[in-house]
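Visitor: Below are the chains, spelled out letter by letter.
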Amino acid sequence: MLLEARGITKAFGSFKAVDDASVTLEQGDILGLIGPNGAGKSTFFNCLTGDLKATSGRVLFGGRDITDFTPELRAELGLARTFQVPQTFEGMTVLENVMIGAFLRSSHRAEAETKAHAVLERVGMSRLAEASARSLGTPGRKRLEIARALATEPKVLLLDEAMAGLNANEVKLAIDLVRDIHRSGITLVIVEHIMEVIMSLASRVMVFHQGKEIARGSPREVTSNPAVIAAYLGTRAAKAAAGHTPIELMGGPLT
Amino acid sequence: MRRLLWLSVVAAVAIAYPLLLSSPFQQRLGALVLLYAIAASAWNIVGGYAGQVSVGHVVFFGCGAYAAMGSYAKFGLSPLFGIPGGIVLAVVLAAIVGVPTLRLSGHYFSMATIAVAETMRLIVTNTDYLGAAVGLSGPTVPRNIFDLSFLSSLPYYYLFLVILAITLLITWWMANSRMGFYLRAIKDSERAARSLGAPASRTKLYAFMLSAALTSVAGALYAMMFGFVDPESGLGILISVKILIMAALGGAGLLFGPLVGAAILVPLEEISNSWLGGKGAGLTFVVYGAIIVLIARFQPGGILSLFKRRGKPGVDTGASHAP
Chain E
1 MLLEARGITK AFGSFKAVDD ASVTLEQGDI LGLIGPNGAG KSTFFNCLTG
51 DLKATSGRVL FGGRDITDFT PELRAELGLA RTFQVPQTFE GMTVLENVMI
101 GAFLRSSHRA EAETKAHAVL ERVGMSRLAE ASARSLGTPG RKRLEIARAL
151 ATEPKVLLLD EAMAGLNANE VKLAIDLVRD IHRSGITLVI VEHIMEVIMS
201 LASRVMVFHQ GKEIARGSPR EVTSNPAVIA AYLGTRAAKA AAGHTPIELM
251 GGPLT
Chain H
1 MRRLLWLSVV AAVAIAYPLL LSSPFQQRLG ALVLLYAIAA SAWNIVGGYA
51 GQVSVGHVVF FGCGAYAAMG SYAKFGLSPL FGIPGGIVLA VVLAAIVGVP
101 TLRLSGHYFS MATIAVAETM RLIVTNTDYL GAAVGLSGPT VPRNIFDLSF
151 LSSLPYYYLF LVILAITLLI TWWMANSRMG FYLRAIKDSE RAARSLGAPA
201 SRTKLYAFML SAALTSVAGA LYAMMFGFVD PESGLGILIS VKILIMAALG
251 GAGLLFGPLV GAAILVPLEE ISNSWLGGKG AGLTFVVYGA IIVLIARFQP
301 GGILSLFKRR GKPGVDTGAS HAP
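From first to last, the protein sequence lines are chains E and H.
If you read the first sequence in the UniProt record's numbering, its first letter stands for residue 1, the second for the next number, and so on.
If you read the second sequence in the UniProt record's numbering, its first letter stands for residue 1, the second for the next number, and so on.
A few of these clues could be false.
Unchecked claim - For lysine-lysine, the following BS3-like pairs were computed, each having C-alpha atoms within a straight-line distance of at most 30 Å:
no.	chain 1	residue 1	chain 2	residue 2
1	H	187	E	53
2	E	212	E	16
3	E	212	E	155
4	H	74	E	155
5	E	172	E	53
6	E	53	E	16
As the list claims (entries may be wrong) - Which bits of chain H does chain E cover? Going by a derived footprint, with three or more residues having C-beta under 8 Å, they are:
no.	stretch
7	173-179
8	190-196
Unchecked claim - Far from chain E by the CB rule (all over 12 Å, computed), these chain H residues:
no.	residue
9	24
10	83
11	144
12	150
13	201
14	285
15	288
Please keep in mind that the hints were generated in silico from the structure rather than gathered at the bench.
Even glycine gets a Cβ: it sits at the ideal position worked out from N, Cα and C.
Work out the full structure, taking the sequences as your base and the hints as a guide.
Guide: What follows is the structure, given as structure tokens:
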């Protein structure tokens, strides 16, 4: 077991954004977290990375309780993440952005620089190394986030909507990159809205709705689950989809 | 290469200045520029690189000034012996103040530092041991060279030049190390920096302590040159403001920014003081206020940022040449 969350609850006042969610992640998994907007998947994600402190529940990494660890300590253990809204270091070049990640494992500047160059090569951004990070658009920033996280040499990489805002072609390239990262032995957790991404990448999927886990399984199992369809499209559509077309759907029973 | 050339030119000018412009007024002016450049460069480490705008840095300045004068007034030693004491005092104080306040962001941090500085000034003003409102004096007549009490400003000028060079060297080394990179990252996005393993609180605290130590040295030098320290000259909030404005005007977060700022503002203040006499002191701060507004409105990066080499404007092809 690489990463495990046990009974995570995150309450903001009396509102429970995440209610008793648990998950286990094995080496080599690609876990997809899906759910409608406001379902609590990002909150859950942030409890795993340490950006938010869970109200109750434990997070374990490699069997070690990391619930009270700061984000930087989790990074040191091998947990890396990207942000939904890219948190680019605007005042730096692309290379320097990646160096910040590389500095985690190499304290010397020259060493970090060499490593950052290698990571940029890997994600196909070498040509932009000296460009100001400010000059990047959304696709570049999303890719830079991934590069930066990779430079920390993570065991688990958590991607928070890494493909949001990309066009179809860019999504395809990003999927290739994620596959490549996975092949190199990194376990992944992805929060994603784009179903196509989840379907083609995730080995297991967990569905959130109103802070609770409502389904889990393979992408195929989950997408045919009536509860999931209901969460996304409403109960009526779910019933329709399940083949139990109720008479009300056609305007109610004739009287 | 071009950088090295510029550096040599600046160094040559700095070394030759008091010999070329050798009137006592000009030499004193030069020494003051360097002194404030030291203090502003020290502030720059935390205010510029780390982006934590301290308005209470005079506290550390005061640590140095009081330690230097205290070592003479209380123990009959050369003020020089006070420097290490002042550094220790400033670093300890920075740790105590920094742990709770560095968590605060933006204006809240600035306000907390003002509160600390003003509290300290009031405490010292009411402490008889530290001379209360009158302050402490250094040696009136130098007993030997180690008292560093000179009539001419020339020895001070070269002493300050050496200390400034050391301060800039430390800053340069820091900026190019992991610490400097982490500070810049934390300034841009603390959350992202932490997610990449940068220990934000610890890094900022170290920067604060380093900055405090260097500021304390500036305070000690100031007291030695003027031969005394009182709560106003050693702990007055306006010194904090002066230091801050110099760094911001020249370019906060840039190595030579504070020096440029000091080279502009110190002569401005000295000249307006000598023209207007006592009445000019008030006017200087009116000018400072105007400068704050102008920097904030037109060039938040400071004067030097106009000349800063920018990264190549990249064409955003981030996703178009994937592996």
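Visitor: A separate judgement is required for each hint: does it hold in the structure or not?
Guide: For each hint, the structure was consulted:
About 23 Å separates the Cα atoms of residue 187/H and residue 53/E, which keeps this hinted pair within 30 Å; it holds. Straight-line distance between C-alpha atoms of residue 212/E and residue 16/E comes to about 9 Å, which keeps the hinted pair within the 30 Å bound. Among the hinted pairs, residue 212/E with residue 155/E is consistent with the structure: their alpha-carbon atoms are about 27 Å apart, no more than 30 Å. With a C-alpha separation of about 60 Å, the suggested pair residue 74/H and residue 155/E falls outside the 30 Å cut-off, and the hint is violated.
Restraint check: the Cα-Cα separation between residue 172/E and residue 53/E comes to about 34 Å, which exceeds 30 Å; the hinted pair is violated. For the hint pairing residue 53/E with residue 16/E, the CA-to-CA distance comes to about 13 Å; that is within 30 Å, so the pair holds. Proximity of the stretch 173-179 of chain H to chain E, defined as three or more residues with a beta carbon under 8 Å from a beta carbon of that chain, is established by the 3 residues found. Closer than 8 Å: that is the beta-carbon criterion, and the stretch 190-196 of chain H has 6 residues meeting it against chain E, so the requirement of 3 holds.
Even its closest Cβ contact with chain E, about 43 Å, leaves residue 24/H beyond 12 Å, as expected for a residue assigned away from the interface. The Cβ of residue 83/H lies farther than 12 Å from every Cβ of chain E, with a closest approach of about 30 Å, so its non-interface assignment holds. Every C-beta of chain E lies more than 12 Å from that of residue 144/H, the closest at about 44 Å, which supports listing it as non-interface. Every beta carbon of chain E lies more than 12 Å from that of residue 150/H, the smallest distance being close to 41 Å; the non-interface claim holds.
With a least CB separation of 9 Å from chain E, residue 201/H falls inside the 12 Å interface cut-off, contrary to its annotation. Every CB of chain E lies more than 12 Å from the CB of residue 285/H, the least distance being 31 Å, so the non-interface label holds. At roughly 26 Å from the closest C-beta of chain E, the C-beta of residue 288/H stays outside 12 Å, upholding its exclusion from the interface.
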